[in-house]
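Engineer: As a plain string of letters, each chain reads:
Number of protein chains: 2
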Amino acid sequence: MLAAQGFVAGGAACGIKPDGVPDLAIVATADGRVVPAAGVFTTNLACAGPVLVSREHLADGRAAAVVLSSGNANAATGEQGRSDARRMAELTAYAIGAATSDVLVCSTGLIGYFMPMAALETGIPALAANLNGGTAAADAILTTDTVRKEATAAVGATSAVVGGLAKGAAMLSPAMATMLAALTTDVDVEPAVLQAALAGAVAATFNQLLVDGSMSTNDTVVVLASGASGVTIDDRAGVHALTDALTDVCGSLAEQMARDAEGATKLVRLTVRGARSLDDARRAARGVAGSQLVQCSFNGEDPYWGRILSELGASGALFDPERVTISYDGVVACRDGIDADADADALRAIMARGEIEVVCDLDAGTNTASMLFTDLSHAYIDENRGTS
Amino acid sequence: MLAAQGFVAGGAACGIKPDGVPDLAIVATADGRVVPAAGVFTTNLACAGPVLVSREHLADGRAAAVVLSSGNANAATGEQGRSDARRMAELTAYAIGAATSDVLVCSTGLIGYFMPMAALETGIPALAANLNGGTAAADAILTTDTVRKEATAAVGATSAVVGGLAKGAAMLSPAMATMLAALTTDVDVEPAVLQAALAGAVAATFNQLLVDGSMSTNDTVVVLASGASGVTIDDRAGVHALTDALTDVCGSLAEQMARDAEGATKLVRLTVRGARSLDDARRAARGVAGSQLVQCSFNGEDPYWGRILSELGASGALFDPERVTISYDGVVACRDGIDADADADALRAIMARGEIEVVCDLDAGTNTASMLFTDLSHAYIDENRGTS
Chain A
1 MLAAQGFVAG GAACGIKPDG VPDLAIVATA DGRVVPAAGV FTTNLACAGP VLVSREHLAD
61 GRAAAVVLSS GNANAATGEQ GRSDARRMAE LTAYAIGAAT SDVLVCSTGL IGYFMPMAAL
121 ETGIPALAAN LNGGTAAADA ILTTDTVRKE ATAAVGATSA VVGGLAKGAA MLSPAMATML
181 AALTTDVDVE PAVLQAALAG AVAATFNQLL VDGSMSTNDT VVVLASGASG VTIDDRAGVH
241 ALTDALTDVC GSLAEQMARD AEGATKLVRL TVRGARSLDD ARRAARGVAG SQLVQCSFNG
301 EDPYWGRILS ELGASGALFD PERVTISYDG VVACRDGIDA DADADALRAI MARGEIEVVC
361 DLDAGTNTAS MLFTDLSHAY IDENRGTS
Chain B
1 MLAAQGFVAG GAACGIKPDG VPDLAIVATA DGRVVPAAGV FTTNLACAGP VLVSREHLAD
61 GRAAAVVLSS GNANAATGEQ GRSDARRMAE LTAYAIGAAT SDVLVCSTGL IGYFMPMAAL
121 ETGIPALAAN LNGGTAAADA ILTTDTVRKE ATAAVGATSA VVGGLAKGAA MLSPAMATML
181 AALTTDVDVE PAVLQAALAG AVAATFNQLL VDGSMSTNDT VVVLASGASG VTIDDRAGVH
241 ALTDALTDVC GSLAEQMARD AEGATKLVRL TVRGARSLDD ARRAARGVAG SQLVQCSFNG
301 EDPYWGRILS ELGASGALFD PERVTISYDG VVACRDGIDA DADADALRAI MARGEIEVVC
361 DLDAGTNTAS MLFTDLSHAY IDENRGTS
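The listed protein sequences correspond, in order, to chains A and B. When we follow this note's numbering, the leftmost residue of the first sequence carries the number 1, and every step to the right adds one. When we follow this note's numbering, the leftmost residue of the second sequence carries the number 1, and every step to the right adds one.
Quick caveat, the hints were computed from the structure, so don't treat them as lab data. Please note that a few of the clues may not be correct.
Stated by the list, open to error - Computed from the model, here is a short list of chain A residues facing chain B with C-beta under 10 angstroms:
1) L45
2) T217
3) Y304
4) E322
Unchecked claim - Looking from chain B toward chain A, a few residues come up when the C-beta cut is under 10 angstroms (computed):
5) T42
6) L309
7) P321
8) A333
Virtual Cβ for every residue (Gly too), placed ideally from N, Cα, C.
If we strip away everything but chain A, and leave its shape as in the complex, we get (with noise of 0.2 angstroms):
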């Protein structure tokens, strides 16, 4: 996380969490310095709180800080959740020497409940007096979590790099997931460069990964950029280096995220090819990600390619069903809309396998769409079946 140079971070348990666990981060430049960054946020009309008030923060472009906490969405608490949003920057701010403007806010876990301020009072003074690393702060945004997120790229061949630290574990769905991710890089670049380039990495990162399809309140992604590597960004090249390590550092956070999805047993990545247009194959790999059915047929390591001719059907893609062809990690299972008399013991180790391939050729058309996707566990319905 701290792999960028010219920022500074932390973790603490501020008491939004029972039992003294995690729960408040802060990731700052090192002189409380306001830089270029940038944002992606959740469409969902009901947004929490900290999203309206990190878009309004973010307008000009530029920010100093990123305050997180988790335990609390501060989601459908209305004007009250605002002013608390904005309090929870203001505090930022003061302890770290810079504009409440210049402060973002994330926040994360249930919905419909007022933030306990009083926590937040004396926990930002005393988590920013004491900034022990982006470790610390990497655990303390996390919730159902079970494993904390972090990554690294460099940018292109210079010493530049990214770095970045996530929660998420379930209502993933694009886009975006249940999900926060907060990075940080050291280039030099001007802010609309910075969001064009966060934005290309999102949708191809974040936006391709699917648990439950359900698309949160808080979903939030910031970088920040503090210069401090001396590596401009000012052409073409450099805007793909910095879009490339963008995408790479948000690729491995969504990875990680899938393979820590709540009850998940298995890691499907999914690709329909063949399609008419870009947003047939998107539709289309959307539905079979989306469906229940086939999740519980990944879940009991059943080839059940029906199921998915099924859904590809019903996506509202157009194509020839008789063209279609579907393989598991390779092997043939349909072709031309029909069994294609696959080898079932082959099939059957494929199944077994942690992470499987599944291609869908529509032969439609030269477009192509791919998703990332779990199956539907027990434990997912007991890890959501209570608030508590």
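Following the hints, position chain B against chain A.
Structural biologist: Relative to the frame of chain A, chain B by itself:
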């Protein structure tokens, strides 16, 4: 099922399913006579052979019989599947003394397997020679259903009736559920009027039922009208009475399906009202009903209205989240988009019920949509992990 005059029916085990379980049904006019008929079919692009054949045979708005089978969907079976479905119609037509093009075919079961035609070559003539009643027919079309599904309703104040049988227990989704329904009525009616009345009944019933959001390859609802009651439908009042009777029967069958949904422990009657447009109302209702997270909450008896608000917000409907009210059996849990501080004991008691009514008022207009949905349970996963 046979409450309507002028029909015969029966069911038997012909060997599609193992162990002598009933798997074949015929519903026919008493004398093999061709009568007005109508049908509503899945819009899945990968629809099964029987669906294509039934659509063809209904092109003239007339039919003499329906042959229904369970255990094998005859879907994803290509040209051979269509040929097999045509042969099922031919065998039935021959046995009852009608033309092949006057027989409709409905199959339900596993996708991707060719029909065991040897079993049908002997089974259809044997069943046609021994039409042992509507109850036997209703039993023979069940798949993962645990109970037989039948319903009847009077057509207005006349002596005419509508009867019906159905199967359906999972993959229930608008439009339509994974279900088959065969209806009979003894009114005298033009095919075009019958088709319009059936389409209206299906829109108000089967298309508002969601178990897992999957639309199958085989969904079919058909109706035959014998005219045997002597009641003629020839004016506006008559059309309304017929539509109402069809809606009653389809509604009862849909409710029976929801109660028998795979593994479900809760039946939720959801209404979204106050929507800006009918399309918004439907999107919002569908978004809530189809959410795995919402379904898990009901399984855990958790009145987590925040997830419902989040799904409304993610649905694409336009409204102000801070004007939304959400209630459970009349107890308001969320008002103006925030916690309404409801009596926790009252909510707990409501969530323990087997049937719960949820009303979401968007306060953005005057449009309403309803959905019937169920919770997501371990048993659902167990039912759908494997095909065997």
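Engineer: Decide, hint by hint, whether the structure agrees.
Structural biologist: Going through the hints against the structure:
no. : hint : result
1   : L45  : holds, 4 angstroms
2   : T217 : holds, 5 angstroms
3   : Y304 : holds, 5 angstroms
4   : E322 : holds, 6 angstroms
5   : T42  : holds, 8 angstroms
6   : L309 : holds, 5 angstroms
7   : P321 : holds, 4 angstroms
8   : A333 : holds, 9 angstroms
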